[in-house]
Each structure stands twice: as structure tokens, then as C-alpha cells.
Amino acid sequence: MKRFVEGEDRSQATLLPEYLDDYIGEANPVRAVDAFVEELDLKTLGFEGAEPAITGRPSYHPAVLLKIYIYGYLNRIPSSRRLEREAQRNVELMWLTGRLAPDFKTMADFRRDNGAAIRKVCREFVELSRQLGLFGEAVVAIDGSKFKAVNNRDKNFTPHKLKARMQQLEESIARYLNDLDRADREPTLVPPDRVSHLKEKIAAVKEQVRKLRRIEKQLQEAPDQQISLTDPDARSMATSGRGTGIVGYNVQAAVDTEHHMIVAHEVTNVGHDRSQLTAMSKLARDAMGGEELTVLADRGYFDGEEILHCIDAGITPLVPKPLTSNSRADGRFDKRDFIYVAKRDEYRCPAGERAIWRMTTVENGRRMHRYWPSACPRCPIKSRCTPSDYRRIARWEHEQVLDDMQHRLDRIPQASRMRRQTAEHPFGTLKAWMGSTHFLTKTLPKVRTEMSLHVLAYNLKRALNIFGTQLLVAFMTA
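Numbering (our numbering), first residue to last: 2 to 479.
Simulated from the structure, these hints should not be mistaken for lab results. A few of these clues could be false.
Stated by the list, open to error - The calculated SDA-like cross-link candidates involving lysine to any residue, where the alpha carbons are at most 25 Å apart (straight line), are:
no. : residue 1 : residue 2
1   : Lys322    : His408
2   : Lys149    : Val271
3   : Lys336    : Lys283
4   : Lys44     : Arg58
5   : Lys443    : Asp104
6   : Lys322    : Arg393
7   : Lys344    : Glu398
8   : Lys322    : Phe428
9   : Lys44     : Asp114
10  : Lys44     : Asn91
11  : Lys322    : Ser146
12  : Lys432    : Arg412
13  : Lys149    : Gln89
14  : Lys106    : Asn91
15  : Lys344    : Val363
16  : Lys106    : Pro233
17  : Lys443    : Thr240
18  : Lys121    : Thr444
19  : Lys212    : Arg166
20  : Lys149    : His426
21  : Lys283    : His426
22  : Lys443    : Asn251
23  : Lys44     : Gly116
In this text the structure is predicted, and so the values were computed from the model without any measurement.
The task is simple: from the sequences and hints, build the whole structure.
Spelled out as C-alpha cells, the structure:
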């Protein structure tokens, strides 16, 4: 074929590079993986087999298996079976491991048995990033996202799902029995093969009903009234789409606003974010090594107790309040239209009347003060305020903390946009890397290990984009 770029003749003997190192350029990211793992103290981190056994068959050093996994997650190859094939044909992996090619079972067992140590490795890279000055400002954005588990929706049961499924099966049995009755009345209308098929289907449906009855007993004993058969720790969670949900895990992440590095992360099987603000904020502050921290979060994290705990810990949260007032939805004044006068401990209503303190109650462990004005029955705009005799206003004893936070938010109108641009991008990137199946492992401890590998790969790629391979390797080995 003339006038085309031609390849080498397969039967022609060639003189390949003498060293395997010649195949890997100085700017190849695999050199950063090698340098990072070589600088780790794997024994201190808790890896099994860091010290070789005196007797028995020699094992692979944990550094070899850790390098393989970091390389795999960095290149979207999280499967141990696929990594086994890559180790036999991939020149970069041959260079990284010294041409060692562990089987998939060895790699899978390594990830399973060293979960806590692997999570520490992820934190070690966050510490390295801090030393490299990647966390310039003490500001992070916290967000959560739902990731799919290895559990089909049909293998997850809640009381509502179980009731709907039982009703569906009972309707199926009734329909099959009607067909059999029709066959008894008029045998010519229903062929014999159809009759035997209906009997088999009735028997199969009854067996499903018996299984669901057993699941119903287990469901009553479950603390959260939910059971997943494939992955027992996975939970059914609502997603952002109206009426949609998945069976999976809630991944929390705190992301640095300057370089978009994930400074802290956690995996839970709680379907909401309200109880995660304090824990994630403290993890982020410890990772960044500072005493002060400003945290941006969305409305899903708004909880008075959590915000108060953050303030007490020296953390400044910026969380907008959810707009859930029924009064505003009905066209009436909501609580924002009532101005609190701290000096007098009273509210001023839209009509200019004083709503004074009346009583203090305890609701769900919180002390709540109650206020209402005396002029409500004769107020000219009462129809725009309340259908009751008096408009009552509830105030938490620590509500001033929430008011101060709202004042800070009002002075930073770009806070919401900054949070979206910072926290949501890493989740989109990670889900694109993970594919449609998301997690490959089962149970919460293993899923946490898998997520740590993904976060480590994400942060490593961010650092490579910022510094480049050669400069990053120089920092690691300095």
C-alpha cells in the first residue's frame, strides 16, 4: 500500500529497547503512582504482609498490589479481573510492578483485607496536597450524592414496596383462577396446554407469596424497616428527580474551593444529609490542618442543632434555610415577614403590632419560645396573616445563631453558585469514571474502601493537572 504510513513486518526481527524503563516517558503519570507508593510506610499504615513471613510460600508485597489498584482506578479499571489481564499486556503496569502479574483473587483479597489501610492511604495523599499548598483558602463546599449499590431495586423491600408487591401477586392469582374457571365451564375455549401452564404459574406465584411472607417477618425486625437481599447495607434512597430513587449509598464529600481537591469524604447509608454537616466539617478542618473553616452547603444540610455544633467547634457554616412555609404557599405572610427585636425579646408583625413572649415549650428536645400579638382579632390585614384567632410565632432558644448565619449569607450572594461549581463537579466526574453500575463491592466497609480508591485517583489526577508529573514526583521524593 503506497502513499500510506506503513507498519513493521511482524516476521521481521527488531532490536527492542534494552530497558523496560525506556517505554515509560518522564511525564507518564504512572511514575507519580510509583513515587507516591514508594514513599509510604505501609507497615505503619496497617497493611497485612508488609513484613514477610518466615515460612510458607512468598507473597506479593502490598506495595505491588496497591500500585496496581491506584493505577486501575486512575485509568477507570476498577475490576480485579480486568486488572489481571492488564498486568499481562499493559506495558505501563509491567513497568510499575516489575512484570509481576497477580491473579484477580489475590488482588480482590488485598482490597477486601486492607480496607482501613487503603482509606489511610487516601488521607495520606490529602496530607501531601496540604503540604504542597493546594488548600489555599480555608473554605470548602460540602455536598452529598447517591451512588448505586450492587443491589437491584427488586431485591430491596420496604413496607410500602412489600404491600404493593403482595397486592400485585394476589391480582395475578385471581386472574389465573378466573382463566381456570373459564376452562372448567367451556373446555373448548382454553387449550389443555394453557391449563397446565396456568397451574404452573399459580404454583410459582404462591411460592413468591410465601417468600414475601418470610421477608415481611424479617422486615418487622429490621430497625429501619428496610431489607436489601444482595447487599444488606444498601438502602433505598430518594434522588433529586421527583418520585425517583435508587438502592445505594449516600456519599459525602468536602471539596476545596481553590483547586477542587476532595479534602474529606464519607460513605453512609442514610438517605438524607441533615445529620452530616458537623461530622464532614470537622473531617475537612482536620484534613486542611487549620483552626478556622468556612463551609458552604445546600438546603439539605439545614439543621439547627448541626449548625450550632459547627459554631461551637469554631466552624462557620453557610447553609440557606429551606423554604417550607405553608403560609407563603397559601399567599399569606410567613415568618420572614416578622422582625425580631432582640432588645425587647419580641416580634414586630407586618401590621406594626408587637408580638410578645407568651410561653416556652420543649419540642423534640428543643426549647421553643412562643410569641403572638394581642391585636390579631381586630387586625385589618388578618386575612393575609392567619386563619386562626392569633398568629403564633415559634422561636428556638438558639435561633440567633441561624439569624447571624443568614446575615452572612446575605452578604455573600455568590455563595450558592460557588458551592455548585465546587462540590457538584467531582461527583459528576466520579460517576462518569465509575460507569452506570457505580459500586462493584458489597457492604458498607468495602464500599468505603472502594470510594477511597476513587477519591485518591481523583485527587491524584487533579494534582497531576496542576503540577505535572515530573514536578509532582520531585515533590514526593524530596
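Quick rundown of the hints versus the structure:
A hinted pair counts as satisfied when its Cα atoms are at most 25 Å apart, and lysine 322 with histidine 408 qualifies at roughly 12 Å. With a CA separation close to 13 Å, the supplied pair lysine 149 and valine 271 stays within the 25 Å bound. With a C-alpha separation of about 31 Å, the suggested pair lysine 336 and lysine 283 falls outside the 25 Å cut-off, and the hint is violated. Annotation: proposed proximity of lysine 44 to arginine 58 holds, straight-line Cα distance about 20 Å (limit 25 Å).
At roughly 21 Å between alpha-carbon atoms, lysine 443 and aspartate 104 fall within 25 Å of each other, so this suggested pair holds. Between lysine 322 and arginine 393 the CA atoms are separated by roughly 20 Å; this keeps the pair inside 25 Å, and the hint holds. Between the alpha carbons of lysine 344 and glutamate 398 the distance comes to roughly 15 Å, so the proposed pair stays at or under 25 Å and holds. With a CA separation close to 23 Å, the supplied pair lysine 322 and phenylalanine 428 stays within the 25 Å bound.
Of the supplied pair hints, the one linking lysine 44 and aspartate 114 holds, its CA atoms being roughly 14 Å apart against a limit of 25 Å. Note on lysine 44 and asparagine 91: the hinted pairing is violated, with a Cα-Cα distance of about 29 Å set against a maximum of 25 Å. Straight-line distance between C-alpha atoms of lysine 322 and serine 146 comes to about 20 Å, which keeps the hinted pair within the 25 Å bound. Restraint check: the Cα-Cα separation between lysine 432 and arginine 412 comes to about 34 Å, which exceeds 25 Å; the hinted pair is violated.
Straight-line distance between C-alpha atoms of lysine 149 and glutamine 89 comes to about 31 Å, which puts the hinted pair past the 25 Å bound. With a C-alpha separation of about 19 Å, the suggested pair lysine 106 and asparagine 91 falls inside the 25 Å cut-off, and the hint holds. For the proposed pair lysine 344 and valine 363, the alpha carbon gap of about 23 Å is at most 25 Å, so the pair holds. Restraint check for lysine 106 and proline 233: the C-alpha separation of about 23 Å stays at or below 25 Å, so the hint holds.
Our distance criterion of 25 Å between C-alpha atoms is met by lysine 443 and threonine 240, whose separation comes to about 21 Å. The suggested pairing of lysine 121 with threonine 444 holds, with an alpha-carbon distance near 19 Å, which does not exceed 25 Å. For the hint linking lysine 212 to arginine 166, the alpha-carbon distance of about 12 Å falls within 25 Å, and the restraint holds. In summary, the hint linking lysine 149 to histidine 426 is supported, as the alpha carbons are separated by about 18 Å, within the 25 Å threshold.
At most 25 Å may separate the alpha-carbon atoms for a hinted pair to count; lysine 283 and histidine 426 meet this at roughly 22 Å. Restraint check: the Cα-Cα separation between lysine 443 and asparagine 251 comes to about 14 Å, which is no more than 25 Å; the hinted pair holds. At roughly 14 Å between alpha-carbon atoms, lysine 44 and glycine 116 fall within 25 Å of each other, so this suggested pair holds.
When each numbered hint is compared with the structure, violations occur for hints 3, 10, 12, 13.
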